[in-house]
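J.: Residues per chain, in single letters:
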Amino acid sequence: MTRLLALWRKEFLALGRDRHGLAALFAMPVIFILVMTMALHDAFMPGASIDVAYGIVDLDGSDHSRRLAAQLDRNSSFRLQQRSSDPAAARDAIRNGELALVLVVPAGFGERLLLPSGSDGKATEPLTVMLDPALNPALRLAFQSQIGAALGSLRADELTSRAAAQFGLAFTPGRQVRDWPEEIVSVAVQNMRDVRPPSSVQQNVPAWLVFAMFFVVIPVAAIFIVERHCGTLQRLASMGLPPGHLLAGKLLPFFVVNQLQALVMVLVGMLLVPLLGGEALVMPTGGGLLRWWLVAAAVSLCAVAWALLVASLARTIQQATIIGGVGNILMGAVGGIMVPRFMMPAGMQQLAEWSPMAWGLESFHQIMLRQGTLAEVWPGLAKLLAFALVALLLAAWLNQRKTT
Amino acid sequence: MLSVEAVSHTYAGAPQPALCDLSLQVPDGGVYGLLGPNGAGKTSLISAIAGILHPDRGEIRLDGQLLASLRREDARAIALVPQDHAFYPMLTVRENLRFFAGILDFSAAGGRRRIDECLAFARLTQVADQRAEHLSGGLRRRLNLAIGLLGQPRLLLLDEPTVGVDPQSRHFLLESIAALPAAGTSVIYTSHYMEEVQAICRQLAILDQGRVLLAGPLDSLLCHDEAVIEIAGGELPAALCEQHGLAARAPGCYGLSRPDTAALAGLLASLAGAGIGLKRLHYGQQDLEQVFMGLTRRSLRD
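If you read the protein sequences in the order shown, they are chains F and B. Counted the way the numbering used here counts, the first sequence spans residues 2 to 405. Counted the way the numbering used here counts, the second sequence spans residues 12 to 313.
The hints are simulated quantities; they were obtained by calculation from the structure and are not laboratory data. Don't be surprised by glycine CBs; every beta carbon is placed ideally from N, CA and C. Don't take each hint at face value.
[As the list claims (entries may be wrong)] Among chain B residues calculated to face chain F with C-beta under 7 Å, some are:
#1 G62
#2 D95
#3 A97
#4 M101
#5 D116
#6 Q220
[To be verified] Simulated restraints on C-beta separations:
#7 F/L352 - B/Q141: 26 to 34 Å
#8 F/S78 - B/R142: 54 to 62 Å
#9 F/P243 - B/D67: 16 to 24 Å
#10 F/L375 - B/E16: 53 to 61 Å
#11 B/S34 - F/P243: 45 to 53 Å
#12 F/A383 - B/S80: 38 to 46 Å
#13 B/R124 - F/P243: 43 to 51 Å
#14 F/L261 - B/G175: 51 to 59 Å
#15 B/R124 - F/L6: 15 to 23 Å
#16 F/Q351 - B/S80: 54 to 62 Å
#17 B/D67 - F/L6: 32 to 40 Å
#18 F/Q350 - B/Q141: 41 to 49 Å
[Unchecked claim] One-sided excerpt, in silico: chain F residues whose CB lies under 10 Å from chain B:
#19 A7
#20 R10
#21 I226
#22 E228
#23 Q372
Build out the structure end to end from the sequences listed, making use of the hints.
T.: As structure tokens, this is what we get:
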């Protein structure tokens, strides 16, 4: 036990004096959490407004064209910035970057609202959308859909109004804007209770925590390679220290470091993100918190074992930085850390199944978003633990081979 | 006594064995020199004695006990001081000693006492709280030695312990090492510096290509019963060589086997009579470098 205590103490002292390693382990993920949570704030919030300005050029000037504009303004996620009757000015506003989209309502729109083009031998001039060519195609489609919805609503209202007048039915006149159909409501399906859908902070805190945990590869490899190059490993072997002790001497300190990372990242999500205008991280309670910690522990074992394997494989610190750093970035990119898995195409989502970071992140989400039970997170935990075991055995074998 | 018996070892993929049926007896209570050119097998032999290389064949015993069994009983019996600075540059001198004391399973109080003794022995007390990475080359060598002495080993293996240090530190290190046998620690010392080995080792072995070329007490290895003369320019007349029994050793260099005083006086008189100048006359004992170069014969190694 004296030997293990000496090894643990040495690792803590060495890590405490490794400013670059500490920055990679703590400062980097905190910055990522803050930046990505704020940057993706709206992307994870259903119904949030889109900060894209649009204008309306009303060449009709009818009651119907005004009602279309009002309907669009009421239900659109886009920001109405100007109304005018000058298409050239609107075109200039797009060129200047003031507007991204402009809806042009043609003259005669109100008159031909219920007349399909050609039905009476005359053409119906279509609604036109002028747009900034750099606009995201998805936003363009969303805007067109919202115009279509507003137009449908207006037509339904007009039909109802005319039918009521023709058949003498009761109809409340004067209401300018009506909801056709009723608003669509999103409900996140939970196992036990209804909570809100995942927020940006709930995606980003576990994601960057998993990423940061795997970055123990940098300090682990740095110390390990110094030990090998300076002949310290040989000296320790000559003192009868088995390679297993050496690995165990690194496993616990970096496991503790990983748990400290988890605590710091959770506190950042709960306390710091709200100060910057984001949503506070909601952590599970009771048994859920215990299951959350089990996932954190499994991710940590996996990360430290991976770090020991990289440190055993690499001959120089540069090699370790490349193998470990690039490996982590690839695992993170594939595993849904940088781009959430649900945004990936199906093929990439299947590829993500092979990333240990995805196993950890999915297990965290299972508990935080779907109140997952131990049985439900077990497949992810089992994969993490199996990876850790294989990496540790390989590292032990490599070290045994190198020291003899 | 350390007894190395017919030890052989070939590294995976190597064409030649690093150790080839090597046998050696190292007596207790002294500083034993181990010499050899690069690739001679010194580090492999040291590694085998230190327990970090398991030879393919042969066995090594200390006072009759196999090393593996000795290590199980007493992990501190043999200590290695590698050529590199085998400690943690980011830790202080005291933290390094404390770490290795922990690895050697010292109790807290016992470890503290032993650390203080080693700091005093290596004259590191003044820099005990400095980080190792900020020490000079000489101080680092002293820390390397101090760590090796922590466990008060019966046998200390020193692999080129004075590389890259200034003359003052080298002198201090050599004095300290020479004093170790009196404190109960035998030493095996490898170095490329012949004058160091000659200064502190009473016994030595010269290795090459994994074999022992020569081993024994320093005095007997240096003893030489052939007088060697070197003349200033040209060659000696054949008649003069024949008259005095001189044998050519190299251009301008001749050997005279077991000469007595009269024979030497006669030779010098003949040379003076022939007007031949004498550049060098050497008789009785050669220096270690001559022995080494004569045995290993090759001027340049990898």
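J.: Of the numbered hints stated earlier in the document, which are not met by this structure?
T.: 6, 7, 11, 13, 14, 18, 21 and 23
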